Amino acid sequence: MKDVFIAGAALYQAGRHYGKNIDDMAAEVLDKALTDAKADIDALFVASSTTELANKQQLLGAYILESLGLDKIPVYRVENGDGSGGAAVALAYHALRSEEHNCVAVVGVDKPNDVLSNQQQDIYATTLDTYFERYFGFTPLSYAALMAKMYLKKYEYKYEDLARWAVLMHSHGVGNPYAYFRRQVKLEDAVNSELVSEPLRLYDVGPLADGAAAVVLCNDKKEGPRILSIATSTNAMAFSSRPEYDVLYSLNEAARRAFEKAKITPRDIATAEVHDSFSIFGVLAVESLGLVKRGGALAAIKDGDLPVNLSGGFKSRGNILGATGVYQIVEVAWQLTGREFKRVDGNYGVVHSMGGVDKISTVVVVGI
Amino acid sequence: MRHESVPIYWRNIPHYYRLVARRCKKCGAVYFPPVVRCRCGSRELENVELPHEGRLIEYTVLHQVGTDFLKQKPLIIGLVELSNGVRVTGQIVDAQPDKLTPGTKMEVVFRRVIVDGRHGLVMYGYKFRPVGGI
Amino acid sequence: MSRVGIVSWGAYIPKYRIRTEEVARIWGDDPIRIVDVYLVDEKSVEGFDEDAVTIAVEAARRAIRRAGIDPRRIGAVYAGTESKPYAVKPISSILVDALGLSNNVFAVDMEFACKAGSEGLVAAIGLVESGRVEYGMTVGTDTSQGEPGEHLEYSASSGGAALIVGKDGIVAELEAMYSFVSDTPDFWRREGSPYPMHGEGFTGEPAYFRHIVGAARGLMEKYGYKPSDFTYVVFHQPNGRFPVRAASMLNIPIEKVKPGIVVTHIGNTYNASALMGFAKVLDAARPGDKILLVPFGSGAGSNAFVFTVTDLITERQKAGVPTVEEMLRDKIYVDYAQYLKMRKMIKLFE
Ligand SMILES: [Zn+2]
Numbered sequence: 001m002k003d004v005f006i007a008g009a010a011l012y013q014a015g016r017h018y019g020k021n022i023d024d025m026a027a028e029v030l031d032k033a034l035t036d037a038k039a040d041i042d043a044l045f046v047a048s049s050t051t052e053l054a055n056k057q058q059l060l061g062a063y064i065l066e067s068l069g070l071d072k073i074p075v076y077r078v079e080n081g082d083g084s085g086g087a088a089v090a091l092a093y094h095a096l097r098s099e100e101h102n103c104v105a106v107v108g109v110d111k112p113n114d115v116l117s118n119q120q121q122d123i124y125a126t127t128l129d130t131y132f133e134r135y136f137g138f139t140p141l142s143y144a145a146l147m148a149k150m151y152l153k154k155y156e157y158k159y160e161d162l163a164r165w166a167v168l169m170h171s172h173g174v175g176n177p178y179a180y181f182r183r184q185v186k187l188e189d190a191v192n193s194e195l196v197s198e199p200l201r202l203y204d205v206g207p208l209a210d211g212a213a214a215v216v217l218c219n220d221k222k223e224g225p226r227i228l229s230i231a232t233s234t235n236a237m238a239f240s241s242r243p244e245y246d247v248l249y250s251l252n253e254a255a256r257r258a259f260e261k262a263k264i265t266p267r268d269i270a271t272a273e274v275h276d277s278f279s280i281f282g283v284l285a286v287e288s289l290g291l292v293k294r295g296g297a298l299a300a301i302k303d304g305d306l307p308v309n310l311s312g313g314f315k316s317r318g319n320i321l322g323a324t325g326v327y328q329i330v331e332v333a334w335q336l337t338g339r340e341f342k343r344v345d346g347n348y349g350v351v352h353s354m355g356g357v358d359k360i361s362t363v364v365v366v367g368i
Numbered sequence: 001m002r003h004e005s006v007p008i009y010w011r012n013i014p015h016y017y018r019l020v021a022r023r024c025k026k027c028g029a030v031y032f033p034p035v036v037r038c039r040c041g042s043r044e045l046e047n048v049e050l051p052h053e054g055r056l057i058e059y060t061v062l063h064q065v066g067t068d069f070l071k072q073k074p075l076i077i078g079l080v081e082l083s084n085g086v087r088v089t090g091q092i093v094d095a096q097p098d099k100l101t102p103g104t105k106m107e108v109v110f111r112r113v114i115v116d117g118r119h120g121l122v123m124y125g126y127k128f129r130p131v132g133g134i
Numbered sequence: 001m002s003r004v005g006i007v008s009w010g011a012y013i014p015k016y017r018i019r020t021e022e023v024a025r026i027w028g029d030d031p032i033r034i035v036d037v038y039l040v041d042e043k044s045v046e047g048f049d050e051d052a053v054t055i056a057v058e059a060a061r062r063a064i065r066r067a068g069i070d071p072r073r074i075g076a077v078y079a080g081t082e083s084k085p086y087a088v089k090p091i092s093s094i095l096v097d098a099l100g101l102s103n104n105v106f107a108v109d110m111e112f113a114c115k116a117g118s119e120g121l122v123a124a125i126g127l128v129e130s131g132r133v134e135y136g137m138t139v140g141t142d143t144s145q146g147e148p149g150e151h152l153e154y155s156a157s158s159g160g161a162a163l164i165v166g167k168d169g170i171v172a173e174l175e176a177m178y179s180f181v182s183d184t185p186d187f188w189r190r191e192g193s194p195y196p197m198h199g200e201g202f203t204g205e206p207a208y209f210r211h212i213v214g215a216a217r218g219l220m221e222k223y224g225y226k227p228s229d230f231t232y233v234v235f236h237q238p239n240g241r242f243p244v245r246a247a248s249m250l251n252i253p254i255e256k257v258k259p260g261i262v263v264t265h266i267g268n269t270y271n272a273s274a275l276m277g278f279a280k281v282l283d284a285a286r287p288g289d290k291i292l293l294v295p296f297g298s299g300a301g302s303n304a305f306v307f308t309v310t311d312l313i314t315e316r317q318k319a320g321v322p323t324v325e326e327m328l329r330d331k332i333y334v335d336y337a338q339y340l341k342m343r344k345m346i347k348l349f350e
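Just so you know, the protein sequences line up as chains A, B and C, in that order. Heads up: the first sequence runs through residues 1 to 368, numbered per this note's numbering. Heads up: the second sequence runs through residues 1 to 134, numbered per this note's numbering. Heads up: the third sequence runs through residues 1 to 350, numbered per this note's numbering.
If you're looking for bench data, these hints aren't it; they were derived computationally from the structure. Note that this is a predicted model, so its numbers are computed, not measured. It is possible that part of the hints are untrue.
As the list claims (entries may be wrong) - Some chain A residues judged to face chain B by a derived CB distance under 10 Å, without partners named:
| hint | residue |
| --- | --- |
| 1 | Tyr131 |
| 2 | Ser240 |
| 3 | Val292 |
Note that CB positions come from ideal geometry on N, CA and C, so glycine has one too.
Full structure from sequences and hints, please.
Below, the structure is given as structure tokens:
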């Protein structure tokens, strides 16, 4: 089977883009990525979490192509909630490995700011079980809060230890030209921020942002960053029946398979982009990926830096929902090659893209 | 969300009103939310009502809520283990959050969950509250 | 006729209370005078997510739990209320599914101001006694309305009480019942109107007293009872003064009325008012006690019932169901602003 190379990419500044329709925003970033790759594509995968609900658009891929005047290209819209990006990249990867296609693009896009903040909560809550969780008023935030509370108690951390995640993310985000909030923050800002679902505070929540990212993948290249492996896994247990609340089961399994296929170990990783829609998920992701031992992530941060989320993660770059996974692939590829980001010291990077509260995780290993 | 589906509410009434779960006839595993196939492989499941008492495992007070809950915020969201060992997440009412603690005895109550505006349906369901008051 | 009577009872009082002085503070009334006039120290307030339906479900669940019967054996269910969340759509059908009754059940919501719940009792008695159903249930439930700033606000409160009627396992056997009804417009609420109107003093003599005394006296004369026959007497309780005065008009000693008085602590729960007092008396009654129960509904009418408590009462009192006395003590005080929110009286975008 042929290797899959990242032939071109483009990112859209994360933020509030009140002046753009979602199809045009995606078209602009796709156009840039195609120019960057100097390649024609023979299929398009569109990752989005909420376009039907927030932007009232079905068949989004067709309208993105209409905006670019690109006829006859097969297009598929992929929805795995806020993990849509990773899932779309996985499908694109398989299409190239099977040689059904030679060059494809993945565009991830979401525009949550087309609706009010409480409507965003409504929509985000549809990643939960709509009949038994959303109906009763639960949101992903409330579940993250329960998991954070249990984690902090189990490993005897103080809230202040968790607040360091946000500080770390902001310190990394300063180096990301596409970040939503590109500035340093102080620990006391995080600790004193508004309580949103105790123990979680405002700084534990990745702000929802409008954004789009595109990557062109080809199987007929010889050099450049490559996707070494991809694995997706689902946790089929209800939140209420999880045996443990301080592990991401979907990630555990996806990471095991991805590392095995790539024939590397977590020790080989120079940079990781993980799904920290809420700080606690970032902490659990670092552990479930195997980068640090269980219960050890906050101690590791207290002791020094972690090469995780050099983009600034969801807190600084922003939570662009279904587009985030595509952002993460591009970010890791660029961190490995020193494009737009400071070059990292190493040859391997890993991406964790997650849908819902530990429902579906995709792990992508990127190498140069 | 505005204009909740009436058929969706109606078909879930046994679960919402009486905590009707699914129990595997072969291995006895109980599922809430209900499932179609047991993890043991059996597809023979029967309806069973869950007990109305349990203990609190953990809770949080949620301040950012969706449109249906704007006038009910903050919501106390809890994870409760019922007396038969089945765990259920639910809103906690009639409670002062700072007095809740893991292990607090809880009982099931019947409450309004979503009211669809001034003209729509009033939708009910289970919630939890501490036994004996705190 | 074969024996018929109360098989089980269940009551529910929401946890929240507002003190009379807190309401008086808002409207510049003298709380000492208000308490003196109505003998209501505080009243129950439903939580924001409670209504006449949820209150009815809780009271009915407790009655079923105490009875220990399969709910599918209940063949009739009636809800008496004047606080229906829907103008059209029954509470009784929600009870059918919330309680797990069978679908083969006679069900209707009844309206006769505060008397409807007891009229459900009459209907259940009729169906059980005739053998058409095995058990029948009635629930008096209300989140009573009182216009802010108007005197009804000092008493209008929330609560529910449920009774299961049957022939098997009777704890209070029905001996006699009697009614007294006339067109007396003492209190009403028009369709679409949020709060009731009333005739102030007119609610007393020609309404409450004429009908309560008429029913009680009619029953005693027709069936040959005298006041000394009764261990307990429970009247409808719009305030703390009316039931005491009714007792004196009937030459009933006040000691027989006092144990059933709940209005002082929770206000007037309308359809649950007399039934809540009855439930409180059943919580403490001994075998052989005779209870005279006289609910009243504006508009106006009263039903009088005589029950004799059986040996089974002792066992049923130990069913692990909260007693009325326990619920009177289990409370969380709210201020007037929380009260307005909980009673959904703040104007909201919906
Ligand atoms: Zn099984």
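Using Cβ atoms only, decide whether Tyr131 (chain A) comes closer than 10 Å to chain B, and label the hint accordingly.
holds, 6 Å
Using 10 Å as the Cβ threshold, decide whether Val292 (chain A) counts as touching chain B.
violated, 24 Å
Quick check on the hint: Ser240 (chain A) CB to chain B CB, less than 10 Å?
holds, 4 Å
Consistency note: the structure conflicts with earlier hint 3 alone.
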